[in-house]
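J.: Knowing the structure of chain A, use the given hints to seat chain B on it.
One letter stands for each residue in the lines below.
2 protein chains.
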Amino acid sequence: MNSQMNNPIKLLRFTFDKEMQSVDRLLNKYMTSVSTPIISELSNHLFNAGGKRVRPLLTIASAKLCDYSGDSHIKLAAAIEFIHSATLLHDDVVDESEKRRGKPTANFLWNNQSSVLVGDYLFSKSFQLMVEAESLDVLSILADASATISEGEILQLSAVKNLNTSEEVYYKIIEGKTAALFEAAAMVGAIISKVEPDFVKALKNYGRYLGLCFQLTDDLLDYVGDEKSLGKKIGDDFREGKLTLPLIKAIEKSTLKEKKFFKNAIKRNSTCDESLEEALFIMEKYGTLDFTRKKAIDFSKKASDSLTVFSDSNLKTTLKSLTCYIVSRIN
Amino acid sequence: MNSQMNNPIKLLRFTFDKEMQSVDRLLNKYMTSVSTPIISELSNHLFNAGGKRVRPLLTIASAKLCDYSGDSHIKLAAAIEFIHSATLLHDDVVDESEKRRGKPTANFLWNNQSSVLVGDYLFSKSFQLMVEAESLDVLSILADASATISEGEILQLSAVKNLNTSEEVYYKIIEGKTAALFEAAAMVGAIISKVEPDFVKALKNYGRYLGLCFQLTDDLLDYVGDEKSLGKKIGDDFREGKLTLPLIKAIEKSTLKEKKFFKNAIKRNSTCDESLEEALFIMEKYGTLDFTRKKAIDFSKKASDSLTVFSDSNLKTTLKSLTCYIVSRIN
Chain A
17 MNSQMNNPIK
27 LLRFTFDKEM
37 QSVDRLLNKY
47 MTSVSTPIIS
57 ELSNHLFNAG
67 GKRVRPLLTI
77 ASAKLCDYSG
87 DSHIKLAAAI
97 EFIHSATLLH
107 DDVVDESEKR
117 RGKPTANFLW
127 NNQSSVLVGD
137 YLFSKSFQLM
147 VEAESLDVLS
157 ILADASATIS
167 EGEILQLSAV
177 KNLNTSEEVY
187 YKIIEGKTAA
197 LFEAAAMVGA
207 IISKVEPDFV
217 KALKNYGRYL
227 GLCFQLTDDL
237 LDYVGDEKSL
247 GKKIGDDFRE
257 GKLTLPLIKA
267 IEKSTLKEKK
277 FFKNAIKRNS
287 TCDESLEEAL
297 FIMEKYGTLD
307 FTRKKAIDFS
317 KKASDSLTVF
327 SDSNLKTTLK
337 SLTCYIVSRI
347 N
Chain B
17 MNSQMNNPIK
27 LLRFTFDKEM
37 QSVDRLLNKY
47 MTSVSTPIIS
57 ELSNHLFNAG
67 GKRVRPLLTI
77 ASAKLCDYSG
87 DSHIKLAAAI
97 EFIHSATLLH
107 DDVVDESEKR
117 RGKPTANFLW
127 NNQSSVLVGD
137 YLFSKSFQLM
147 VEAESLDVLS
157 ILADASATIS
167 EGEILQLSAV
177 KNLNTSEEVY
187 YKIIEGKTAA
197 LFEAAAMVGA
207 IISKVEPDFV
217 KALKNYGRYL
227 GLCFQLTDDL
237 LDYVGDEKSL
247 GKKIGDDFRE
257 GKLTLPLIKA
267 IEKSTLKEKK
277 FFKNAIKRNS
287 TCDESLEEAL
297 FIMEKYGTLD
307 FTRKKAIDFS
317 KKASDSLTVF
327 SDSNLKTTLK
337 SLTCYIVSRI
347 N
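For the record, the sequence lines run as chains A and B.
Those letters in the first sequence? Residues 17 to 347, by this note's numbering.
Those letters in the second sequence? Residues 17 to 347, by this note's numbering.
Heads up, a few of these hints could be off.
Which copy is meant is left open, so a pair is good if it fits within one copy or across any two.
[As the list claims (entries may be wrong)] Computed cross-link-like contacts, SDA-like style, restricted to lysine to any residue with a CA-CA straight-line distance of at most 25 Å:
#	residue 1	residue 2
1	301	347
2	265	313
3	68	41
4	283	251
5	249	305
6	311	293
7	275	289
8	269	296
Quick caveat, the hints were computed from the structure, so don't treat them as lab data.
This structure is a prediction, so every number in the text was calculated from the model and none was measured.
Excised from the complex, chain A in its bound form (with noise of 0.2 Å):
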C-alpha cells in the first residue's frame, strides 16, 4: 500500500478497482467476435501490453470528484480506452513501428492490414459503448475529440522532417495527438454527474493541462529519458524527424551552420548517434531541455490549479498530486 501512496496512478488504479475491472469486462465483451478471432487476439496483444489505463482512470475519478452514482462512467471509461487503443493501432502503422513499450507492435506481429482494420473496429466499438450512455452531449464532445485526434495526427504526419515546424504547430500537434482525449475523458465525468458548467470547465482544463504536460514530459524524455525505463533508445523522434518542443526551440535559436547541420542531419537520414550528440549539444547550448521542462512543469501546475473550485478531499489530493507524479520524471 505504501508504494501505491506514492504513485497516484497506483493509487487511483486501487482505490477505483472495482469500476475499472468492469471497464476491463467490458472492454474484453466489446473486444470479442466470434466470427473473426483475430480481433480480440490482436486487441487482447495491445491491452496486455502494459498500458496504464490513464484515460478510462481520469473519466472514473472525473465522474467520482463529481459525486456521480450511475454506471454510465464505465461505458464511457471503456469507450475512451477503445479510442485510445485504435489511435495507437494506427500510429504504429503510420509510423512503420515494430515495438511499443519494449514490445513488438500488433502491426509487426500481424501485418498493416490488420491493424487498420481492428482499428476501424474498436473505433466502432468505442462508439456503440458511448451511444449506451444516452448523452448527445457525450457524444458531442467525443465526436469532436476524435476530429482533433485525427487532425492533430495528419499535422504531425505533414510536420515530418519539416524544419519550418513552429511552436504553434507544435502545440496543434500534441493538443490534437494527446491533449483532446485526456481533455474530453476527464469532462465526460463531469457531464454525466450534471454539474455546474463551472466544474465541467474544471475538469476539462485539468484534463487538457495534464495531457499538455503528459505529452511534453514524453517528448522531452525522448531526449533526456533512461533508455532502461523507457523501454526504447533515446532520440527515437530525432532518428524520425519528428519536430517536438527541444528540437523546434533549438532550430529557431541555430546559427547558420548550425541550422545546416539539423538540415543534413534530418532531411537526409543521417541521424547517427554522432548527429543525435550534437544535437543534444546544441540543444544544451541554447537551454531547449530546460525550456521544455520548464513548459511542462507549467501546465502540471495549470492542471492542478483547475481544480480549485472543488471542495477538499482525498481524491482531489490524488488528482492534484498525479499533476506533479508525471513531470517527477524530469523534475
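T.: Chain B alone, transformed into the frame defined by chain A:
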C-alpha cells in the same frame, strides 16, 4: 431527361438535386481543415473520383418516401457518405490498390499513412454529423453498422486465399462490407421520419437486399464484366485470392484434380491469364456464374417486394426500378 428516366440513379439524383447539393456542401464544409490542407485535397480527390453517391441518395429517398420534412436527412446522408469514403480509403490501403474506378487511388497518389489518417478523420466527421441529427436511435444504428462493416472487412482479410471459405462466411463478409451500410442508409431515413415500425422494417430490408444484390452483381461482374465499362481488368478478385460466390461454389463442386488446380493457382500466386481461363471454364462447367446471377436477381426481387407496405407513388416506382437496374448489368 429521357436517358435519366431509364437510369433510376440518375432519376433520383435529378429528383433530389437540391438535397444532394446540400449534401455536397456539407461534405465540403466538414472535410475542410485550414491547418491541414491535405485533408481536403485527398478527400476531394476521392469525392471527385466518380462515385454515384448511391448511399446518401438512399437516405434522402427513404426519408422522402416517409414524407419527412426536416433537415436531418441531409446531415445523415453526408454522414453515410463519409463512412463510405473512410472505408474506401482504408480498403485501398489494405488491398494495396493502385486504381479505383480507373483512377489512381489516394494511397497511390499520396501514401498509406495519409489514407489511414484521413480515413479516420472522415469517420470522426461522420460521427459529428450524426450527433447533429440528435437521434440516439440513429446513432445506435450507425454505430452498429460501422462495427459490422469493420467485422466484415476483417473477415474478408482472414479469408483471402482460404479455399475452405464457405458460402456462409461469404454472406457474412458481404453483409458487413456492403449490405450493412445500405441497410443503415435506408433505415435512418425512416427512423427520423418517425413512421410506424412496419415502414422502418420495410426500408431496412430494402436497403439490406439492395446491398446484397449490389455486391453479388459486383462480384459476378469481376468474372463476366466488360473491361471497358468496369474500368478495370476482369479477374482481379481471382488474382488477389479473394474468394467470392462463383469461385466458392466452383471449389465446392470441384473434382480432386480441379481442387488441386485452384489450390495451386491461388495459394501459389500463379494466377496468370491461363489460370483465369481455366477457372472460368470450371465455373461455367458447374454453373456457378449462373448460380450467382440467380442469387443476385433473387435479392433484387426481395428488395423490390420489401416496399409493398408503402402506397404507390413515383418515388416508390423509382426505388423498385433501382433494384432491377442494379442487376440489369448481369441479366
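J.: Are the hints correct? Go through all of them and say.
T.: Tested hints:
no.: 1; hint: 301 x 347; in the structure: within (19 Å within a copy, 76 Å between copies)
no.: 2; hint: 265 x 313; in the structure: within (17 Å within a copy, 65 Å between copies)
no.: 3; hint: 68 x 41; in the structure: within (16 Å within a copy, 43 Å between copies)
no.: 4; hint: 283 x 251; in the structure: within (16 Å within a copy, 43 Å between copies)
no.: 5; hint: 249 x 305; in the structure: within (18 Å within a copy, 57 Å between copies)
no.: 6; hint: 311 x 293; in the structure: within (23 Å within a copy, 67 Å between copies)
no.: 7; hint: 275 x 289; in the structure: within (18 Å within a copy, 56 Å between copies)
no.: 8; hint: 269 x 296; in the structure: within (14 Å within a copy, 68 Å between copies)
Of the numbered hints stated above, none is contradicted by the structure.
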